[in-house]
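Engineer: Generate coordinates for the entire structure from the input sequences, incorporating the hints supplied.
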Amino acid sequence: MKILDTNELKEISQQLRRDVIKMLMISKSGHSGGPLGSADIFSSLYFHILNIDPKNPKWDGRDYFFLSAGHYCPVWYAALARRGYFPLNELTTLRKINGRLQGHPAPVHTHGVPGVEVASGALGQGLSIAVGCSLGLRLDNKANHVYVFLGDGELNEGQIWEAAMTAGHHKVDNLIAIVDRNDCQIDGRTSNVMGLEPLVDKWKAFNWHVLECNGNNIDDFISTIKQAKDLKGKPKVIVARTFMGNGVSFMQDDYKWHGVPPNDEQGKQALAEIPPTKYGDFIEFEWEKEINLVSVK
Amino acid sequence: MLKFQPKEHKATRLGFGEALVELGHENPNVVVLGGDVTGSVRTDLFMKAFPNRFFSVGIAEQDMMGTAAGLAIAGKIPFASTYGEFATGRPFDQIRQSIAYSELPVKICASHCGITVGQDGATHQSLEDIALMRVLPHMTVASPCDYHQAKKMVKASMHLKNPLYLRFFRDNSTVFTSPDSPFQFGKADTLIDGSDVTIIACGLQVWEVILAEEILAKDGISVRVINMHTIKPIDVETINKAAEETGAIVTAEDHQKHGGLGSAVAEVLVQHCPTPQEFVAVNDTFGESGLGEELMKKYGINKDAIVKAVHRVIERKKSNRFSRR
Ligand SMILES: Cc1ncc(C[n+]2csc(CCOP(=O)(O)OP(=O)(O)O)c2C)c(N)n1
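Note that the protein sequences, when read in sequence, are chains A and B.
If you're matching positions, the first sequence starts at 611 in my numbering and goes up one per residue.
If you're matching positions, the second sequence starts at 16 in my numbering and goes up one per residue.
None of these hints come from the bench; they were simulated from the model.
Every value quoted in this text rests on a predicted model; they were computed, and no experiment measured them.
Backbone N, C-alpha and C define an ideal beta-carbon position, used for all residues, glycine too.
Do not take every clue at face value.
Some chain A residues judged to face chain B by a derived CB distance under 10 Å, without partners named [claimed, not checked]:
#, residue
1, His-681
2, Arg-705
3, Gly-746
4, Gly-798
5, Asn-802
Structural biologist: Structure, rendered in C-alpha cells:
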C-alpha cells in the first residue's frame, strides 16, 4: 500500500470519526470520547506509520501495535477494517452477541478480529506486554518496531510504572509508547481524579526519551514519531495532547463523553458536523437515504 | 402463580450507595475509596455527602486495597469499591496479604458482577470473584438478591470485624423483598417451601429461580427456594435440612461453575448428606459481548436452564444414583 499524505490522512481520520459515531449509534453502548479524540493518531498509524500487511496479519516482519486502553477499540476496529483486516460491514456488529467486535478487544484466536495480538480492557497491562515483545524482538536482532497506546488515566495503574522501569532498565529502544493526553478520565479531569504532572519529568526519571506533540495534528504527530524512531539507547514515549471527543462540538473536551454512546439525535448532530468523505460510510441509515433523496431532487 | 410479586426495578448497586450515605451519617469513621468508577458503583452519593471522607486513588486497584488496609489500621471503617473483576482479580495478593491474612475489617464492595454486565464483554464480566474471595481465610462473602437486601447487607456489615466481600450488579433488577424483612449474614432465606427439590441461588439469580418455580409448580413439582445470600460462611444447617427433606439440589449463580456457590454447596453435601446436585452456572468458559438476557440464554443461566436442571436432578433422584433415598 502506498503511504498516504497528510491531506488523505485527514480524510481518513474524518471517516474513522463517522465510523465510530455510526458504530456506537448501532451498538447503543460503548465509548465515544477517546475514540473520537484519537482518530488522527489511528489514521496516522494504520495508513502511514505502521509497517504491516493486513492480508498477512501475523507476518513476522510486522510492526507490533498494542492497544493497552482497550476501551478505545471502536476507532481501532474502524481503522483495522478500513485497512483491510476484515470486512467493512462487520463494523455493524460492535458489542453484539456471536460477533467478533467485542466491547473490549480480544485476539482472533479467541473471540476477536485479526490485527489484535492480545486481549485488553482491564487497564494498565499493555505496556508490560509491549516491553516483553520488544525484548523478544531484540533478542532475535529484528528491526520491527513496537507501538503501544495508553490512556492518560490509565497511567494511574502501578503496573504501568513497573513496566516503565523495566523498559528503562533494559534500554528497549525499539519501543514507542503513545500517551493520549486528553486530561479526561471517567470521574473527571485527570488533575482532579489523580494528578499526573509533571508527567514528562516522570517518564524522564524512569530513563525514557520523552517527546510531546499535538495528537490532533497529523503533521505534528507523524514528525514526532519519526523523531522518536531515530532516538537510540532508551525507550521512547510520546505525550500526545488531544481533545476527548475531537470533531464533535458538544463532546469536545468533556469527560462526560468518556463512556457513553450518542443517542439517535446526538448521533445525527455529530454526523452533520463531520462531513462524508470519498471513502463512504459502512452503512447508510434509513433517515440518511431520505435526506439524500431530498437533496438529489 | 408467582409466589413473589415484583414491586419495582432498582439496582443492587444503588442500595449499596444509599446505605453508605446512611452509614456515613451514623458513624464518622466510615470512609470510602474510589477508583475512577464512582458514578458507576454509586459511591458518588457518599462522595457528595462526605467529600472529606472520600478518597480517590485513581485507576489503581492494588493501591486501593493497600490504602484501605492502612485506613482500617488507623481505626477507620473503609469501603473499597470498583467493578467485580478489578476488585478481586486485579488486587488479589493485596487482599490476601494486607487484608485477609492481616484480618483487617475492610469491606470490598464490587459492582457490575456476572455475565449480565453484558456488552463490555469478557474482560469486564467478573465470573470468578466468588471463587477468589471464598478461598481466602477470614473472608465473608455475600451477594444480595435485590435492592432492599443490598441496603440491609451494607448496614449489617458495620458489625463485622473480619474482612468482607460484597457482590453487586449493574442492572436494574426486580425488587421483591421488603424493607423490613430480616437479614443476617450466614442465615439463608427459605423463600418458598417445597418437598421435591431445592434450588439454592444467590444474587440476581434468585429472581430467575422464582420465575422458574412458577413454571415447575404448573408441572406439579414442589420446589423449595433458598436465597443463599451469604456464600461464606455458608448456612450448613439449611442446606442439610433441604437435602434431607427434598433429596435433590440445584444451585444457580451468575458465576463460573468451578469454585462458586454451587461448589460451596457441594462441599457441604458431600461431607454431611450426599445428594444429587445440578449446577446452573457459566460452564468453564469466558463470556462475550451481548445483552444480558441474550448471554444468560446462551450461557445457560436463565430460568429455562434452571427448569431443565430441575428435571435432570429429579431424574437422578428417582434413579437413586448418589441419592440416599
Ligand atoms: C483495571 C481497570 N480499572 C478500571 C477500569 C474502568 N475504566 C475503564 S476506562 C477508565 C478510564 C480511563 O481513562 P483514560 O485512560 O484517560 O481514557 P479516556 O477517559 O481518555 O478514554 C476506567 C476507570 C478498567 N477498564 N480497568
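Engineer: Evaluate each hint against the coordinates.
Structural biologist: Each hint tested on the structure:
no.	hint	verdict
1	His-681	holds (8 Å)
2	Arg-705	holds (4 Å)
3	Gly-746	violated (24 Å)
4	Gly-798	holds (9 Å)
5	Asn-802	holds (8 Å)
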